[in-house]
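**Q** Starting from the known structure of chain Z, fit chain Y onto it as the hints suggest.
These protein sequence lines are chains Z and Y, in that order. For the first sequence, the numbering used here assigns the number 1 to the initial residue and increments by one for each residue that follows. For the second sequence, the numbering used here assigns the number 1001 to the initial residue and increments by one for each residue that follows.
In case anyone wonders, no lab produced these hints; they're calculated from the structure. C-beta: ideal position from N, C-alpha, C; glycine also. No false leads were mixed into what you were given.
On the chain Y side, residues computed to face chain Z include the following (Cβ under 7 Å):
#  : residue
1  : Asn1118
2  : Pro1130
3  : Leu1133
4  : Cys1137
5  : Ala1247
6  : Gly1248
7  : Ile1372
8  : Thr1373
9  : Gly1447
10 : Leu1451
11 : Gln1454
12 : Asp1458
13 : Val1467
14 : Pro1481
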Amino acid sequence: MNETSSPPAPTALDAAPLRVLVTKIGLDGHDRGSRLVAAFLRDAGHEVIYTPPWQQVADVVTLAVQEDVDVIGVSSLATDHLIVPDLMDALRAAGLGHVAVVVGGIVPEQELPPLLEAGVRAVFGPGSSRDEIVGAVATWGVEARTAKLADGGFAR
Amino acid sequence: MTTTDHTQMTLPGFAAARDRWEGAYDRQLDDPRTIRNRSGIEIKPLYGPDDWDGSGYLDRLGFPGEAPYTRGIYPTMYRGRTWSQRQLIGLGTPADYNERIRFLIDNGSTAISLLPCNSGFRGLDCDEVPFPLLGTCGTVVNSVDHMDAALDGVSLADVSTAMNDPTPFTLLAFVLGVAKRRGVPFDRVTGTSNQSDYISHYVANHMFYRLSQPGSRRLLVDHVEYCRQAVPNWNPVSVVGQHMQQAGATPAETMGFTLSTAIQYADDCMARGMDPDEILPRFTFFFDVSISLFEEVAKFRAGRRIWARVARERLGARDPRSWRFKFHGQTSGVDLTAQQPLNNIARVATQAIAGIFGGLQSMHTDAYDEAITCPTEESARIAVATQNLLREEAHLCDVIDPLGGSYYVETLTDQMEAEILAVMDTIDAAGGMYDAVGSGLVQTMIGRSALAAQNRIDAGEEKVVGVNCYRDDADGVGPPPMRPDAERMRRFVDDFAAFKSARSHDEVDRQIAELRRAARSDDENVFARVVDAAWSGVTHGEIVAALRDELGFGDPLIVA
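Pulled out of the complex, with its shape left as it was, chain Z reads as follows (with noise of 0.2 Å):
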């Protein structure tokens, strides 16, 4: 992993599946590492929602409500990193900003801090191994759906 928040406490599952959207927003379709966490997700027993590249970040927002996602995982390969703090703003517009979003693949060391100050939970550099991504995203989500169901959200 290359940077993170330090994450809460590990909670035992809900009954119900964790909710992962995985997806890429921007310009690059390179989708290796994004179809492989899919499928470590989805082995581990999440739902798992999986869209072709090149997502709007509008797009993203009105599947996350759709789908009623707990985790949100972005793969960048080539630079759309840039744009996930506009993806960031668009989820807490939307009043999802209790989702957790972790984003996987290249990103300069240089160019962490606008991500986490964005809110991002974590970065999944390359070397991150299958069980720190799945443990972060088991971790996180049901951090994400602690705080919406104690927001008043309704359990699926």
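**A** Chain Y alone, transformed into the frame defined by chain Z:
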């Protein structure tokens, strides 16, 4: 096994000596684990004449420049002319690109290539995408003016230009516009439409957003037909194995898919009435070269042998130039690591050696920071220097096919050939590459191989220095990412807006209407209309949008 009377195996004592070695090997080896290459072939600790005895030499190997070309497609190979040093470059504005390309030509590059901005790959102009992404992964080229600036000072009649230019080939249309503007006859324009292979984009890069699969199929044949008549020294087809291997296909799968794709395109062109000997000499191939050195060498040698047979026997080509498997190799970015990035210099050198021993015609070596960012000038210089020193210092070019005759490499070449043919049979059984992609078969196979490869790395079976062994947690901060100058890019986008409003709108409308009409017709060459439209000031995004409207948007067909 066929044995010949001169083989060592019939010498007295051969079997006894081999058994003696086997016994010693078994006794002294602590870890008798099975080793397989990336294509799944089990690799033995030793190969000898009982694996490969040189029989069938003329049929299976022959001499360089003669079918089946296993040892190389030209009689002189690198003794005559070494590979083209073609660095794939793309960043920033056309002016940024021009600065970099002149720098590389001054440093030994002999041919150029242009990688467009991802906005271009998406079929969009620079004013249609988020500004921060512009020019971060390629050069923004949306018009003839842009191409003219990118190629300022580069003689189109002398320098071969390769364009990463998927359907509908707007970049070639812009190059032809520049040629017309500079008075260069089209038959003097040389180069390659890299990435013209829409199938590879569908399965590995998802270029479905541009045109539907049937639309791309038609455009490619139109493009081949147009080039054959109007730009005869241009290579309109580059069949790209690179995308598939990068997406996770094994080297053997990659070669199988690529050859099946080439068969599909040849069949499509022949169905239009073209003669195989008119088109196949201008077919080129584009591959990833991984660090699995012997496997890559065997992949290329087997690929040459199969293509010679396919072109002659299956496609009916009679001209030996149609049988030659010409390919560009790019050292594989998948093997590079963001961790300890300077290590990538050694990886790239190893991959480049594999490509040279594999007999490539043109090569791109990755810069060491390419796993992280667009290369800096310094890293790009080292990448070029890597080729220079392998060519000039290491004596790799003295002997043609120097690994030929190695018991191991010849055995592996035969085994890879069998694996590749099995993949091609699977594709044939699915109705050919076009249908196999349409049904998701190829995507599923690639996804499965990608997962298996990742599992081997995660389990430590496949070692990656700095990733699952020799890790250094004090890795430090990598090189700063290359980002285009924002102010320069802003001016560029403003200039583009000014250009668009100053054009003759009537002419633009007329050209777009012509383009649409051609796309709706059954028999008009759509690419000829793309060339006309580009010359008249219609932009890349406008051309793609009109054709997308007429020919349909592709089905993403994601197989996760």
